[in-house]
Amino acid sequence: MSSAAESVPPSRRKRPQGALSRLVSDPLGLAGLILIVLTVGAALLADFAPFDPTKLNPMDRFMAPSALHWLGTDNLGRDLFSRVLHGARIALAISIGATILSLAIGLVLGIVAGFGPRWLDSLLLLVMDTMNSIPTVMLALLLITYTGPSLWAVVLVVVLVNGPGYARIARTHVLALRSAEFIEAERALGATFPRIVLFHILPNILGPLLILAAMDIPIVVGIEAGLSFLGMGVRPPTPSWGTILFDGFSYIRDSIWMVVAGGLPIVITALGFTFLGEALRDTFDPKLAKR
Amino acid sequence: MFGYIVRRATLAIVVILTVIAAMFVMMHAVPGDPVRAALGPRASEAMVEAYRVNLGLDQPVWVQILRYFGAVLRGDLGQDAISGTPVLRVILSQLPDTLYLIAGAMLVAVVPGIHLGVVSATHRGGLFDRIGSVLSVSVMAVPSFVIAIYLLLIFSIRLGWFPAIGAGEGLVDKLHRLVLPSIALGLAWIGYLARILRASMLEVMAENHVRTARAFGISQRRIMYDYVLRIAILPTITVLGMGIGQMISGAVFAEIVFGRPGVGKLVYDAIANRNYPIVTGTVLLTTGFFVLVSLAADLLIAFLDPRVRNVISR
Amino acid sequence: MTQSCEPILSVEGLSLSYDTPNGELLALRDVNLTIGRGEIVGLVGESGSGKSSLMQAILQLMAGSARVTAGRILFEGRDLLPLGPGGMSRLLGDRITVVFQDPMTALNPVLTIGRQMIDIQHRRRESRTVKRQRAVEMLRRVRIPDVESRLDRYPHEFSGGMRQRIAIAMALMAEPALLVADEPTTALDATLEIATIDLLRELQQDIGCAILFITHHLGVVAELCDRIDIMYAGELVESGPTMPVFRDPRHPYTQLLFACDPAQIRHATRHLPAIGGNLPDLIDLPQGCIFAPRCPRADGTCRRQHPADHRAGRSDLVRCHYPDAPRLEMAQ
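Chains as they are written, first to last, in our numbering: chain X, 1 to 291; chain E, 1001 to 1314; chain P, 2001 to 2332.
Accuracy of the hints is not assured; some may be wrong.
Straight-line Cα separation of at most 25 Å, SDA-like style, residue types lysine to any residue; simulated pairs [unchecked claim]:
| # | chain 1 | residue 1 | chain 2 | residue 2 |
| --- | --- | --- | --- | --- |
| 1 | E | K1265 | X | N132 |
| 2 | X | K55 | X | L151 |
| 3 | E | K1265 | X | S25 |
| 4 | E | K1265 | X | K55 |
| 5 | P | K2131 | E | L1171 |
| 6 | E | K1265 | X | G231 |
| 7 | P | K2131 | E | R1221 |
| 8 | E | K1174 | X | K55 |
| 9 | E | K1265 | X | I256 |
| 10 | E | K1265 | X | S250 |
Derived by calculation from the structure, the hints in this document are not laboratory data.
So here's chain X without its partners, still in its complex pose (with noise of 0.2 Å):
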């Protein structure tokens, strides 16, 4: 056994091989990945939960965090603790469903606007500039005027807010690739259409589409939160963390558990997946990098 360290000079210091392990070295992606696993842990935990989060219990209400209750009572006696780990799966679901869902819709949307006649592709920008021109909450607002609110509502509203982008991505992918000499060549030795989106398009765009799938997650789950908070998305007394909120802001005075319960969630899940995608940008496409 050598005792001598080797001292390596700092410039052939080699950098982490391995996607993973260079992520993981940064200490933002780090960080991301920890509090993503705190989420999904508390999601996937949520059946262990110590009490059922819509049993009443009006004699305790208004309780500050314990032994018993870690994050205290709301309004109605419930226990904080459990309605928040609902209320992650909830969140996860509805974020990881629904931008699933737009990036679903933006693909094909992109791709039969890349591909398709001239006008089809005039058409579909023209609707997605007019969606990106009406306010987010706006749009949100004026849906659920007319659906009700409901979960299915804020499905809805995550598509028509995050689909274009996903599209346009993918639209200029197909736009680039589409006069691209080896699809020329493939067609010629008769590839059918179906072969040639699924061999050569998608593995191009997925990438970046997955990046910016990930940075979307905050947003959606900023969506659902903030429209439960207003009443309009899921409604109580579903443990979604907005509509914690909702019913902690009405008893802001009696009570700040109800919101620091509700709010603190979303600002870890948020975090944790910004900080991931960041570093994801970072690892996988250092052009884009802040530094």
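Using the hints, position chains E and P against chain X.
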């Protein structure tokens, strides 16, 4: 340059027309009586009848559309379903408070944001830069209404430094009550502006003319603020223009959290009261406002940047 | 072309390195260069010869990863290296000025020419009117037509040749002791190049400043410069008065360089002459003379031992073991 103005303006007009068309489609796409869909369940029978005649539902669709366009572009956004007051008047009466809030947020964001961006670019890679960057990303990530609630909780309810509700009377009181909501709305923007400006400045700093300025002994401070910033700030104007839409969204939440009057509160109450014309009218008006501000920002840049301005004059 | 005893610029044993991920890149090694008062010195070298690094070191406008590892740069007797950016900025634009290579990007695009010419006079405590007048006169001297109205125009409204003349006007307006010109005519076409060189020569005779003229164009050096300095791979290999060095170069690299000059081609030929081999790796230097790997007459000594600087022929500096060896020619 002139061609650019025309193109940009045309796009803006087309977008506004599309939104109006979308509104029309929505009212007619909803199942049931389109007049009821437009006016909501609170409107009186008399109003419904008058509207029915006005809209001319017996006419062919394209006539209806044209009439609708004509009405909206003339400023006739219908009547408040409950009070009968013209919608435009109602909204315009509430708009100033929202505009004060947005102005406040911009004020909070612009000066610190720009300085943060400049200092980060000047001392790139240093501790300030790295901490600043993490903080910027963090405030941008958290939804502004959560920030608003916590600011209210800490500074208003717990510490009592600011009153919790309302816009106040008299200049000093009004300004006092604007502080917290402006910070809630503007905090994320500080981060965003700093980030964009930093990137923009680093790009400009690498350009040859900055090297020339250094070669003539001009001080680093002068170079940063007079030369680099002058060019680098142009993209931030675009960003601010495009961000008005987000500010409007954020203002809705801020008004509700801080109990302030404004279009946000207006539309929120209108939904609760099933006062549909107010809702559609507000959406139309705020969209139009957003599109026009965005256009103005783009034109401002074209005007400020001599490279764009003089392309024709040669 | 007056010369007094003390040189205006004296680079002594300058070595400069860059820190790269692959190791230390030795960009300049033991460079010795002098410029006398009022003297025009041509600094010649291919890309990668280190002439840019030398210029940046003199002006103290180096990139972040650059470090001076040895030597001094004496300007009017004072060492520039300890000065730091603050001290240096007092000299720049006043005693030392610069004309850069690319006229298209060297000027600030959003400020008028007039504003820029007034700004660079920031040291003078005079009114704007006086400064503006000085700018007008200087622009007239470089033969910009219609000066008064042109002052309020932006750089993109001028052609490349005119922009370079404006840059020269800016550089000479302060009547510096030393003008550093970094390939000022490389981006211009041949006719413009001649006109610009004539202008420089004329102004230099009026103002009497020294010029460090960096270029890879030998014809311009022959036209304009009093002395010629040749760089190869980070070292100054030969230095001497222009015409004598052209007639009787002593360093193998210089000899081959002159032989390869397209202007030297006498007969129709299929192949342009070129020096065989590649530039050495500046991170992993060969032992001995830097030119040995490509030198047709390199021997064991050349490959083992680094040559000293000798005087030979009319050249003041030849970094070679055999400066008196017969002249090399290119095989035709």
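Here is what the structure says about each hint:
no.	hint	result
1	E:K1265 x X:N132	holds, 22 Å
2	X:K55 x X:L151	holds, 22 Å
3	E:K1265 x X:S25	violated, 46 Å
4	E:K1265 x X:K55	violated, 33 Å
5	P:K2131 x E:L1171	violated, 47 Å
6	E:K1265 x X:G231	holds, 13 Å
7	P:K2131 x E:R1221	holds, 22 Å
8	E:K1174 x X:K55	violated, 44 Å
9	E:K1265 x X:I256	holds, 24 Å
10	E:K1265 x X:S250	holds, 16 Å
When held up to the earlier numbered hints, the structure conflicts with 3, 4, 5, 8 and fits the remainder.
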